[in-house]
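Novice: Protein chains in written order, with this note's numbering: chain U, 79 to 920; chain W, 9 to 225.
Hints listed in this document are in silico derivations from the structure and should not be mistaken for laboratory results. Treat the hints with caution; some may be incorrect.
[Stated by the list, open to error] Covered stretches of chain W (chain U as the covering partner; in silico rule of three or more C-beta atoms under 8 Å from a C-beta of chain U):
{"#": "1", "region": "46-56"}
{"#": "2", "region": "106-119"}
{"#": "3", "region": "196-202"}
{"#": "4", "region": "210-218"}
[Stated by the list, open to error] Straight line, CA to CA, 25 Å or less: simulated SDA-like cross-link-like pairs of lysine to any residue:
{"#": "5", "chain 1": "U", "residue 1": "K460", "chain 2": "W", "residue 2": "D66"}
{"#": "6", "chain 1": "U", "residue 1": "K797", "chain 2": "U", "residue 2": "S871"}
{"#": "7", "chain 1": "U", "residue 1": "K622", "chain 2": "U", "residue 2": "Q644"}
{"#": "8", "chain 1": "W", "residue 1": "K111", "chain 2": "U", "residue 2": "F595"}
[To be verified] Pairwise CB distance ranges (calculated):
{"#": "9", "chain 1": "U", "residue 1": "I397", "chain 2": "W", "residue 2": "S74", "range": "34 to 40 Å"}
{"#": "10", "chain 1": "U", "residue 1": "G82", "chain 2": "W", "residue 2": "G81", "range": "39 to 45 Å"}
{"#": "11", "chain 1": "W", "residue 1": "Q137", "chain 2": "U", "residue 2": "K797", "range": "35 to 41 Å"}
{"#": "12", "chain 1": "W", "residue 1": "S123", "chain 2": "U", "residue 2": "R531", "range": "28 to 34 Å"}
{"#": "13", "chain 1": "W", "residue 1": "P220", "chain 2": "U", "residue 2": "G365", "range": "15 to 21 Å"}
{"#": "14", "chain 1": "W", "residue 1": "H133", "chain 2": "U", "residue 2": "L496", "range": "14 to 20 Å"}
{"#": "15", "chain 1": "W", "residue 1": "G166", "chain 2": "U", "residue 2": "M905", "range": "55 to 61 Å"}
{"#": "16", "chain 1": "W", "residue 1": "V115", "chain 2": "U", "residue 2": "M532", "range": "21 to 27 Å"}
These numbers come from a predicted model, not from an experiment. Each residue gets a CB set at the ideal place from its N, CA and C atoms; glycine is no exception.
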Amino acid sequence: MNEGWRLAWHYARCEIRGSVGRFRVFLVALLLGVAAIGAVGSVADSMRAGIDKNARSLLGGDFELSSRHIPPDAELLAVADSFGQRSNIIQMRAMVEASKPAAGRQRKLVELKAVDSNYPLVGDLKTDPEIDKGTALGALGAIAAPSLLRALDVSIGDRLRLGGADITITAALVTEPDQSVSFIGFGPRLIISHETLAATGLATQGAFITYRSRIRLHDQQDRKAAEAALQQKTMDSHVRLRGLASAGGGFNRFVERAEMFLMLVGLTALLIGGLGVSGAVRAWLLGRMNVIATLKCIGAPSQFIFKVYFLQVTAIAAIGVAGGVVLAAVAPFIAAFAFQGIVSVPLETSVHPLPLLRAAAFGFLTTFVFALWPLSRARHIKAGHLFRSLMTMPEGQLSRPALAGIMAGCGGLLALALNATGNLVLAGSFIAVSLAAIALLSGLAGLLSAGLRMLPAPHYVPAHLALSAVRRRGSPLQAIMVAFGLGLSVLVAVILSQHNLVTQLNERAIREAPDWFFIDIQPHQIQPFIDTVTRLSPDTAIEKTPMLRGRVIALNDIPASQLSKQVDSAWIVRGDRALTWQPHPPEDAKIVRGDWWPEDYQGPPLVSVTQEMAEDYNLSLGDMIKLNILGRTVQARIANTRHVEWESFRINFVFILSPGLLEGAPHSWLATTRSPTGETASQIEQALTDQFANISSISVQEAVKTVERVLGLLGTAVKLTAGVTLVSGLAVLAGTVAASEAQRLADSMILKIVGATRRDIIIAWILEYSLLAVLTGCAATVIGTGTSWALFSFFIKADYALNPGLAVLTAFAGAGVTVCLGLFGAMRTLGVRPAAFLQETI
Amino acid sequence: MPASGGQLGILHDIDLTIPAGQHVAVLGPSGAGKTSLLMVMAGLEMLTSGSACLAGHDITDMDEDSLARLRRGHVGIIFQAFRLIPSMSAVQNVAVPLELAGKKDAVTRAEQVLSRLGLGKRLSHLPDQLSGGEQQRVAIARAIAARPTILLADEPTGNLDAATGETVITELLAAARSVGAALVLITHDETLATRCQRILRIADGRIVSDKPQKASR
């Protein structure tokens, strides 16, 4: 044990004292990366814990049975009743109208919720004023969200027109215990009673209604038995069973995906930090070479030297990791404050150890991978050079154990990334792409350096000096290009991607989107609907289609529950899907495989599905799809596959069935209108909702705004995390500038001695850093644009519009910082007088 | 030791044996190969041909770590620039080779050696809190602490004023005698060389003169 870790730690401790300050860049880079990864995981865990803790309240009971169009059957409800108390809720979208003498008639789309006397089974419904629920909802009373009151400029006691009834606002909604967890809602909440809903006449056959039956168990011990019994009864039916585990619904998936994406951006920050670690360790060892050589002279073997410095690096890393973990630990508390009013789920603000441990492990492993290279080189410092004061860092190939260590570390990082994202392909691709990007930037820097060396020396002295500084060996070009370039590339990619999404959404909305979507049009109303539109504006384009909902039960006899959940089309088999029937293909349909059925087709049911679904589930023409439509099982054979442009704002369906099967089923129509002017569009909407009280209109402009708001929120989170990568890059850049300070001092002194003025030196440095900024900016523009294009082409699968202006602006604004930071660092050496420098060095 | 050492082939036709306890001064102009010879003796520079033995061990083909372990017990090195570890106190610096050799009483022995060299009151001082002479005495203490077979000193007074240099050299010779170690002293100073029992003169990598003499105290 004489060369063991204990003695190495003893020496490491002596050396660490007072040297933590030299590891500023190391500490900042590591701290930021660990904090970003830990914070993303902690906030996501807080959200999940918040959902879990409030699961009963969010679900509205222990179980929920939900169905579209028709309620669950009596037999199923009898089973539910045997386990606990039941509450029935009916939800739909509807239009309310306020008649104010001064403002005229105003309409608003609302999320209508009709409840029974048992509601809510869990939690409390709070209103302002605090009145009994029975009183509030009795006698055509309604509880309205404050935003509805504001939008219609009405107050408590005012009357609203809802369908065929006049209802009275009795209270404002303060807390809705079973409010759905999501970022998006199409309208404010309006709560009424079942009796009031019946009076409105809105719950017509085929209307887009969701029936929910919540069950609160008499005895919590019955949970498993109840679940088994309900599952058996709902299997292959139109009713969907949800337990506490799925209380968060789609929000859980959203959190999972956002976490995965942000985690990868955080990991990029850490990898850039790793470059800072590598640079800082190299600079540190360069300054310790005398000590290392001395230790060797007095008999310390290389392995011992490695241990001493490995322990020092680990100890310093522990400080950075600890700082990052502390920041990450408080992130849920900050997020709870920041998300107030944006997310309806209460965050569970506590310390979540698992994501913190994972972030710490990421920090240590990154340090290990990036520090091992310089540390292994330090083992080979020549002790004999002490006699000649000739100390250089050994070059050459990595030793086999060091290479094996780095590979093992990369394997560990991959395993952790897999653990964090739960996606092997994504984690593997991320590590591979990151390493490739580092190699690409490094190679690019080498090429540029070589290219610059071939340029003839300019006659203008400061330009000559600048060019020499950039192309000389040991210039910061490579370090800046790799670390800062990587951060800048991420930022360019993020900004371009977000800009592309929002611009395309808006451009398509202006170019192609209809003005209004009209839902719940009864079959007998469709012709009068068309007549009204044509009468008001013959130029208004109408698109219409019958619609009802159904659930996929099986694909080729494979039950939906056993189908892969990892494919992009998983959403199709997850819940209820809208379907339609048509004798001829949609106007813009692109049939990929098979043929459309003849217009007069009368044979067994056929179905047209999206090409993407066919590919994801390996479906061929002739394969069978089993659907549950309104409680009945329907089997249809795939006749063709279509390419569907979901982002086109047209009415699109995954499933289009052949005619003859569903016409007799209760259904409603969906229609869109696109008018030549905004004024006509409003007139048409007003006339239609006047004429048909049960028809709800959804403004596409409003919907686009909602999507934009969600994109904006996501974009802010991504930009924030990408900002961390940039700050990591800046820290590395600052470290590089600091490391070259001695060299810069010597250069400037010699220049002064040979007659250069301060102005000459400053111009030379401005040119040098401008050259670095231009080169880094160009690289970031190309890599960032390429990444953004790849993201759209291969993952989002949407068109990509190049925006060179924005890319260049982002890259060069960022790179401009290079000039300022570099110059700021360099200027400090200008104040030293040559005489003082010479006295110290000669 | 027929040798030509160093990557540039600095040493040629060297055949040299230094008996235990002998004090040898090596003189020669700059670039003659004095330091290279010292580095070969310490096992810090590999030979391109020939062989080298240290304390009965053939070090010609020894790997770096084995050489390090051999140095721990048999070689003490003193540099012109002292080469103390700046983050360690005087006693910690002296204790390093002893601790590396696994001596449990390393610190006590380091304190004793430093006290013998008159630094008993400077034990816990860091190198930058010591004068040049004191730093070199700590370096001597570190070199002799493990009672080496051979002491190699590369212009140990080069960074010191004449008076301090005189004191240090006296202590170095005494220290070498006290542990019975051979001493190889590289110097430009002819007077200093006369205090050794043997003077080697080197020029162009070759020993041009090897004369025993009666050492003066």
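Novice: Hints broken by the structure, by number, lowest first?
Specialist: 3, 4, 7, 8, 10, 11, 12, 13, 14, 15 and 16
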